[in-house]
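Asks: These are the residues of each chain, in order.
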Amino acid sequence: MLAKKGDWVMIYNIVLEPKDRAPQIPEDTKKVPLEMWIKGFLLEDTEVGEMADIETIVGRKVSGKLIEIHPNHKHNYGNHVPEILQIGKTLKELLFDGEGK
Amino acid sequence: MMDRSYNAVMSRKTEIMKKAVGIDYDTFEKEGIVFDYEAMMREAGYSLEEIKKIQGETGVGNTPIYELRNLTNLARKMAPAGKGARIFLKDEASNPSGSFKARRAATAVYHAKKLGYKGVIAATSGNYGAAVASQAAMLGLKCIIVQECYDSQGKGQPEIVEKARKCEAYGAEVVQLTVGPELFYSFLNLLEETGYFNASLYTPFGIAGVETLGSELVEQIVEKTGKQPDVVVCTNAGGGNLTGTARGMRKVGAEGVKVVGASVNLKGLHMASDTDFNKKSFTTGHTGFGIPFTTNPDRSDVPRSAARPLRYMDRYVTITQGEVFYMTESLAQLEGLERGPAGNTSLAAAFSIAQEMDEDQIIVVQETEYTGAGKHIQPQLSFARDNGIDLHFGNPRDEIPGKSIILPEHPKMIKAVDLDMDKIRQSYVKNMVKKKSDDREFSDEELSYIAVETNLTVEEVKGRLK
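Protein sequences, first through last, are from chains A and B.
Just so you know, this note's numbering puts 83 at position 83 of the first sequence, and the rest follows in order with no gaps.
Just so you know, this note's numbering puts 207 at position 207 of the second sequence, and the rest follows in order with no gaps.
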């Protein structure tokens, strides 16, 4: 997919390959690279997956692999956790209905 | 062109930092391991009056204090007759960016602007990022926040992802990284590239910013009850919250108040482990930061940390993840206050400690934080369950960090567990011995320094060196 100049995009870089990682880190972390994601305005039309140049919201120029056009926030309130409902119920019974001491 | 390799950048660390913080830390260095902490706070920081003025200009501070009457009554039902202190809560979520971190950011960003920096950078996955971004927006500075956010599968903690959104909402650039302490390398690179100010959490101005929290809470409690609080509980991670609060309380004459640090118990989870990263259901206020920073404060992104919690801490307790989630829901259901879980670590501890105290005594929980998508018990527990964490009701003492989250079957099971202060002090002393790097004996000046740092007498320090 082609992203247009001026589009708000996300780029990706590997900061450190596994072999270049700091000596003191745990073994599992040493096996994987240190990766980085930054968002900004695309400076030239670029295909997703290609190297791209962006200007970030504070005006910094950064290069990296173009991975997403119009990236959005995907976090939410999660799935229903039934246990949560029980907490208030228990507490109100304890405090207002005379159970307890 | 400048060498931007890992080793080259790390070797320029000292000069980059000097330029980016505007403090020559060398002037406070004394003999051996000693440095003059109070001189640093005095000369590089701000007075309480100055800070009130700085914070007042951006609407920071003067947050309300609530008496938690229903939770106090609940604690009294669990406690022996005559026990159950009045529980008060300082609602720091009312600050502009939704947490007490606005106090730290207000002074740091003000200072950056005064020194003529064009922008500020902070390395944080916590509420501090939003605080710096918010203050930078108010003062017209640019802002970059560097976050440790994802594991190697690209999976992010909902709490951290939300904070990225909030920083962006205030106009900041957010640089997101996978797990690892080499975040510091990216951070140094950015400081060098932009010439922005390092709005570190651990500068004298940052910590001095928290002093108003301590002074305000004492004044508010005196106004409401006619006396000073007996105990103040501070959620403890890097130590700045506790240090600043305790210093502020002393500045208004509340020397006798017991200061308790509280951290979520994440024993066994390695902070730099890619696979452990998303098994933590708390990203801040936990023992993974709390213990290392208490026993060795100079491990932050500045040469000398202004956060030195062991100087002020009377007691240090842990609480489980399940207990904090439970208390967060209790605060909403019984007190009508929906707040973020991480800030409620000290609330869970206070609910337990109140039961040891007399009914006419006062215990204060000194912070709350904002809540919202990602940063709420529902998504955090849902995320835990998706990551294979066993969530159920039971005895919180059986919780194994990274494997289970146990919501207390009954609120009487909520129990602040004491860490051994003597061991913590011993561990601090050991770290100083390591720092000395030769076989000579500590000088008298060094012994006095360790004594102040650990809140021990010189004789007691000597005893621990044998």
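Certain hints may be false.
[Stated by the list, open to error] Okay, derived cross-link-like pairs now, EDC-like style, lysine to aspartate or glutamate, Cα gap no bigger than 16 Å in a straight line:
(1) A:K92 to B:E335
(2) A:K31 to A:E17
(3) B:K462 to B:E445
(4) A:K89 to B:D36
(5) B:K77 to A:D97
[Unchecked claim] Covered by chain A, per the in silico footprint, the following chain B stretches (three or more residues, Cβ under 8 Å):
(6) 73-85
(7) 234-245
(8) 264-275
(9) 452-466
It is worth saying that the hints were derived from the structure and are not from the lab.
Quick caveat: nothing in here was measured; it's all calculated off a predicted structure.
Where is the CB? At the ideal position from N, CA and C, for every residue including glycine.
Asks: All hints, please: hold or fail.
Replies: For each hint, the structure was consulted:
Under the criterion of a C-alpha separation no larger than 16 Å, the hint pairing K92 of chain A with E335 of chain B is consistent with the structure, at around 11 Å. Proximity of K31 of chain A to E17 of chain A is assessed by CA-CA distance (about 9 Å); at most 16 Å being required, the pair is judged to hold. Taking the CA atoms of K462 of chain B and E445 of chain B, the gap is near 13 Å; set against the 16 Å cutoff, the hint holds. With a C-alpha separation of about 54 Å, the suggested pairing of K89 of chain A with D36 of chain B is violated against the 16 Å cut-off.
Between K77 of chain B and D97 of chain A the alpha-carbon distance is near 12 Å, which keeps this suggested pair within the 16 Å criterion. As drawn, the region 73-85 of chain B meets chain A at 4 residues by the rule of a beta-carbon pair under 8 Å; at three or more, the given contact holds. Coverage of the region 234-245 of chain B by chain A is violated. Counting CB-CB distances below 8 Å, 0 residues qualify, and the rule asks for three or more. Counting residues of the region 264-275 of chain B whose beta carbon lies closer than 8 Å to any beta carbon of chain A gives 5, which meets the minimum of three for the stated coverage.
Using a Cβ-Cβ cut-off of 8 Å, 0 residues of the region 452-466 of chain B lie near chain A, which falls short of the minimum of three, so the contact claim is violated.
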